[in-house]
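Asks: These are the residues of each chain, in order.
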Amino acid sequence: MTRGALGLSGLAGLLLIVEVLPYTGLVSADFLPPTHRIAAALADEIADAGFWLALWDTLVAWAVGLAIAVVAGIVAGIVIGAVPVLRALTASTIEFLRPIPSVALIPLAVLLYGTQIQSTLMLVVYAAFWQVLIQVLYGVRDVDPIADETARSYGLGAWARVRYLLWPTALPYVMTGVRLAAAVALVLAITAELVIGAPGLGSRIAVAQSSNAVPSMYALIAVTGLLGVTINLAARGVERLLLSWHQSVRGEVLV
Amino acid sequence: MLLEVRDLKKVYEGRQRPVEAVRDLTFGLDAGDLVCLVGPSGCGKTTLLKCMAGLLAPTGGEVLLRDKRVTGPPPGMAVVFQEYGRSLFPWMSVRDNVELPLRNKGMPRRQRQELVAGALAAVGLADAHHAYPWQLSGGMQQRVAIARAVAYQPDVLLMDEPFAAVDAQTRADLEDLIRDLWRELGVTILFVTHDIDEAVYLGQRVIILSSSPTVVREVLDVDLPDQRDQLTTRSDSRFTELRSHVYAQIQAAKRESTVGSHDAARQTDLARQVLQ
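Just so you know, the sequences run in chain order Y and L.
Last residue of the first sequence: number 276 in the numbering used here, and the count goes up by one each step with no gaps.
Last residue of the second sequence: number 771 in the numbering used here, and the count goes up by one each step with no gaps.
FYI, nobody ran anything at the bench for these hints, they're computed from the structure.
Fair warning: there could be bad hints in the mix.
Here are some chain L residues pointing at chain Y (derived, C-beta under 7 Å) [as the list claims (entries may be wrong)]:
| # | residue |
| --- | --- |
| 1 | 548 |
| 2 | 551 |
| 3 | 566 |
| 4 | 568 |
| 5 | 576 |
| 6 | 578 |
| 7 | 599 |
What follows is a set of in silico ranges between Cβ atoms, one per label pair, in the way DEER data are often shown [to be verified]:
| # | chain 1 | residue 1 | chain 2 | residue 2 | range |
| --- | --- | --- | --- | --- | --- |
| 8 | Y | 96 | L | 602 | 26 to 32 Å |
| 9 | Y | 163 | L | 570 | 44 to 50 Å |
| 10 | Y | 96 | L | 561 | 55 to 61 Å |
| 11 | Y | 258 | L | 552 | 35 to 41 Å |
Virtual Cβ for every residue (Gly too), placed ideally from N, Cα, C.
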C-alpha cells in the first residue's frame with residue numbers, strides 16, 4: 022500500500038472511532054457526538070451564509086497578518102543581517118521579544134482595538150514576524166564566501182549582490198520561515214477570534230459552544246484543521262516550485 | 496607593463512601575534528603573457544591573488560593594473576577560483592551564470608548573447624546553455640567558470656589553482672583548453688598552482704615563490720616550443736630539466752624555512768646544475 026493510502030485509512034479509522042465511541046458509553050454523546058452528526062452539522066454550516074462570512078474573515082485576518090509579517094520579517098532580516106553593527110545591537114532585544122507568547126498581548130490588543138479585526142492582526146503579525154525574521158537572519162549568514170568573492174570580483178555592487186546572491190541564498194530559509202509563520206498565523210487568528218470575539222471562525226466556535234450546538238462546534242473545529250492542512254500543502258507546493266534548484270528539492274544528480 | 500605587483504606585503508593581525516603571509520613581492524605581467532606562479536604549499540599564493548584581485552587590502556606595497564592602483568575589484572580583471580562548485584550560482588542556469596557579470600555591466604542584450612554563446616562554444620559547452628551547474632561534472636563546471644571569465648573580456652585573467660579539485664584526465668584537458676584560449680584570444684593569464692608539472696607545461700614564465708613569509712625566489716623562462724601537447728611536451732628532455740629545476744628550488748625553499756639557509760644554498764646549487 023502506498024503512503025497516501027495508509028494515511029487515508031488512518032483518517033478513516035479516526036472517523037470510525039469517533040462514530041463508535043459515543044455508543045460504548047465511554048464518553049457522553051453530549052460532549053462527543055458521533056461522526057455522522059458532526060458531518061450533518063458540517064453540511065448545515067456549509068449551507069449557511071454566516072459560515073462563509075466567518076471563514077472569509079478568518080482568511081483575511083490570516084492572509085493580511087501573514088503578508089505584513091513576511092514583508093516586515095524579510096526586510097528587517099536582510100537589513101539587520103547585512104549590517105554587522107545592527108546585528109550585534111539587536112541580538113539581545115530579539116532574544117528577549119521573541120519568546121513572549123503572542124497571546125500575552127491579548128489584553129493590549131483589546132485595549133487598543135477592541136473586537137475589531139486589528140486586534141487579530143496585531144496578534145497574528147507579532148507571532149508570525151519572529152518566525153520569518155529568525156529564518157532570514159540564518160539565511161543571510163549562509164552566503165558562501167567564495168560566491169561573494171566571485172560576485173565582488175565581477176564588479177557586482179551591494180544591491181546586485183543582495184538581488185543575485187543574498188536573496189537566492191536566503192530563499193530556502195525564507196520559505197521555511199513563511200511555512201512556519203503561516204501555521205502560527207492561523208493558530209493566532211483563531212485564538213484571537215475565540216478569546217477576543219473578533220469576527221471569524223473562532224468566534225463562531227465560541228458561539229456554537231455557548232449555545233450548546235456541540236456537533237456544529239466540532240464541525241467548525243474540523244474546518245480549522247482542514248484549513249491548516251490546506252495552508253501547509255500550499256506552502257510546500259510553492260516551496261518546491263521556487264526552490265527546484267536547491268539540493269533539498271532536486272535530489273541527488275548523477276553525473 | 497599591464498599588471499604590476501610592487502613591494503607587496505600582507506600581515507594578518509592574529510589574536511596572539513601578527514602573521515606575515517607575504518613579505519615583499521615584486522613582479523609584473525606584460526599584455527599577452529601566460530605566467531605561472533608556483534610555490535610550496537602554504538606560501539601565501541591565495542593571499543597574493545586576493546590582493547591582486549582587489550578582494551583583500553595589502554598591508555604595504557601596491558598592485559597596479561594599467562598604471563592604476565588597485566583598491567577594489569578592478570573592471571578589467573576576472574578571477575577563476577578553485578572551488579567551482581561554490582563559485583557558480585546553483586539557482587542560475589549555465590547561461591545565466593555566464594551572463595550575470597555582463598548584465599551587471601549594463602551591456603545590451605544582443606551583445607551579451609553573442610559573448611555568452613561564443614564563450615560557451617570556446618570551452619566546448621555549446622549545448623549546455625540551459626543546464627544547471629549541479630547537473631554537470633566537476634570538469635564541466637570549471638569550464639563554465641572559465642567561460643564566465645572569458646565572456647567578461649578581462650585584460651587579465653587570474654586563476655587560483657583552478658584544476659586542483661578535478662581528476663588527472665580532466666585536468667590535462669583543461670590545461671590544453673587554457674593554452675588554446677590564451678593563443679586564440681590573446682588574454683593575459685596569471686595561473687597560480689602548487690603543481691610543478693602544470694606550471695612548466697602551461698607557462699611562458701614560471702615565478703617560483705619562497706615559503707612564507709613570501710618573496711620571489713626565481714623567475715624562470717620556459718624555453719619550450721609554443722605548440723605544446725600532453726604527450727610530446729611532457730616527454731621532452733627540456734621539460735624534464737625545467738621541472739626538476741623548479742622542484743629543486745621548491746624543496747630548497749621549504750628547507751630554508753625549516754633548517755636554515757646553509758642547507759638551502761646547497762639545494763640551490765643543485766637546482767642550477769640541473770639546468771646546465
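Asks: Evaluate each hint against the coordinates.
Replies: Hints, verified against the model:
Restraint check, residue 548(L) versus chain Y: the minimum CB separation of about 5 Å is within 7 Å; hint holds. Below 7 Å, beta-carbon pairs count as interface contacts, and residue 551(L) has none with chain Y, the closest being about 9 Å; its hint is therefore violated. Proximity of residue 566(L) to chain Y is violated relative to the hint, the smallest CB-CB distance being about 13 Å (cut-off 7 Å). The interface hint given for residue 568(L) holds, since its Cβ lies 5 Å from the closest Cβ of chain Y, which is under the 7 Å cut-off.
For residue 576(L), the interface hint holds, the least distance from its beta-carbon to any beta-carbon of chain Y being 6 Å, beneath 7 Å. For residue 578(L), the shortest C-beta to C-beta distance to chain Y is roughly 5 Å, which falls under 7 Å, so the interface hint holds. The interface hint given for residue 599(L) holds, since its Cβ lies 5 Å from the closest Cβ of chain Y, which is under the 7 Å cut-off. Taking the beta carbon of each, residue 96(Y) and residue 602(L) are about 31 Å apart, inside 26 to 32 Å as hinted.
Under the hint 44 to 50 Å, the C-beta atoms of residue 163(Y) and residue 570(L), about 29 Å apart, miss the expected range. The hinted range of 55 to 61 Å is not satisfied by residue 96(Y) and residue 561(L), whose Cβ atoms lie roughly 41 Å apart. About 47 Å separates the C-beta atoms of residue 258(Y) and residue 552(L), a value inconsistent with the hinted range of 35 to 41 Å.
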